[in-house]
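Fit chain to chain and form the complex, with the hints in mind.
Order-wise, the sequence lines are chains A and B.
In this text, residue positions in the first sequence follow the working numbering: the first is 1, and each later residue adds one.
In this text, residue positions in the second sequence follow the working numbering: the first is 1001, and each later residue adds one.
In case anyone wonders, no lab produced these hints; they're calculated from the structure.
Check before you lean on any hint, since a few could be wrong.
Here are the computed lysine-lysine pairs in the DSSO-like style, where the Cα-Cα straight-line distance is at most 27 Å [stated by the list, open to error]:
| no. | chain 1 | residue 1 | chain 2 | residue 2 |
| --- | --- | --- | --- | --- |
| 1 | B | K1071 | A | K42 |
| 2 | A | K2 | B | K1083 |
| 3 | A | K45 | B | K1014 |
| 4 | A | K42 | B | K1014 |
| 5 | B | K1071 | B | K1014 |
| 6 | A | K79 | B | K1057 |
| 7 | B | K1071 | A | K79 |
| 8 | A | K45 | A | K2 |
| 9 | A | K79 | B | K1014 |
| 10 | A | K79 | B | K1070 |
| 11 | A | K2 | B | K1057 |
| 12 | B | K1009 | A | K42 |
| 13 | A | K79 | B | K1083 |
| 14 | B | K1057 | B | K1009 |
| 15 | B | K1057 | B | K1071 |
These are the residues of each chain, in order.
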Amino acid sequence: RKEVEQDPGPFNVPEGATVAFNCTYSNSASQSFFWYRQDCRKEPKLLMSVYSSGNEDGRFTAQLNRASQYISLLIRDSKLSDSATYLCVVKPGTGANNLFFGTGTRLTVIP
Amino acid sequence: DGGITQSPKYLFRKEGQNVTLSCEQNLNHDAMYWYRQDPGQGLRLIYYSQIVNDFQKGDIAEGYSVSREKKESFPLTVTSAQKNPTAFYLCASSIPGYEQFFGPGTRLTVL
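The shape of chain B in the complex, shown without the other chains (with noise of 0.2 Å):
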């Protein structure tokens, strides 16, 4: 059964602690993007990564990291320099060029 898992669903971080947010894709996308919604916003691209081992910032990439080592997975890092964390993050997959699949998101609150 191919597709996109993002764990965990929901997230709660003290003020000062890095999280990772786990996102797991076994459709054989090379590309993999990890975005962040708020309320009444459209996405917005936090890092994408076209191939295993490199990966760009998007608009917002400020207090967040990634790493691509494995082809199914990209982590995404949110650190405690981002100042305003609590959103709905998800994560998509697609062969470069073609239309993104995403994930079922994770629901970060920052407390």
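In isolation and in its complexed conformation, chain A is listed as follows (with noise of 0.2 Å):
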């Protein structure tokens, strides 16, 4: 079993919508959690972290279910630039520094 698990899409969304994407992940004892995103060709830049309590950070809302070992990440109001891919990342343990990657969710904005 992978590590770590996204659907990798694509969702192809119109400009305005809501869009939500779900990942799950397999150690129990994982610890931190953080969606990064990526455009084509490029490197993976930290959206946001996740924490238990859910955080948001304008369009953007993370939420953690300890419990169902997911995390997800709800885009409202999508805009063209929206488009790129979302990595689901997660960090084992407290003695580990390295993460484990989700493949990634394509999202497409169309106008």
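Printed below as a string of structure tokens:
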């Protein structure tokens, strides 16, 4: 079983739509969770960390469900500039510095 | 202007040659990492270093070597022993245990 699993998509949504991505992780001891954004042929960039209580940054909301071992990312009022691949990232434990990356979910926002 | 730089951006190698990819950071981060990304796959960890003069193998270290003689620098050598080296190589750095920041990547193609 993979450490982190994501639906690869693609998700094609119209401008203004709300879209949600889920991601599951296998290690129940995982401590930290992140969403990264990766544009085509570019490096991943941190979008937001995911906190236990859930957190919001403008149009983006991230939530963590430890009992079911999944995290989610909600994007409201989608913009054309949101088109990218969104990577779910999990840090396995307090003693580890490496991260586990999902394969990414591809989003295309259509005019 | 703080950040991570990688060079070259594109690299072409003949089979049987060793090549070295450069990664430099001026973020004063102790930890540095090398990942490989192939189409349709998540990032896979090659090597990481938590402190100068120390490094550990990641999930796919075979055919690669690294050094960490300076805090700012973590070069990766792709040796002729690496059977399928064509990929997008990403270097990252972090404060140990915190989110990672990526360089722009090097695209290596074996001819």
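Out of the numbered hints, which ones does the structure contradict?
3, 5, 6, 7, 9, 10 and 13
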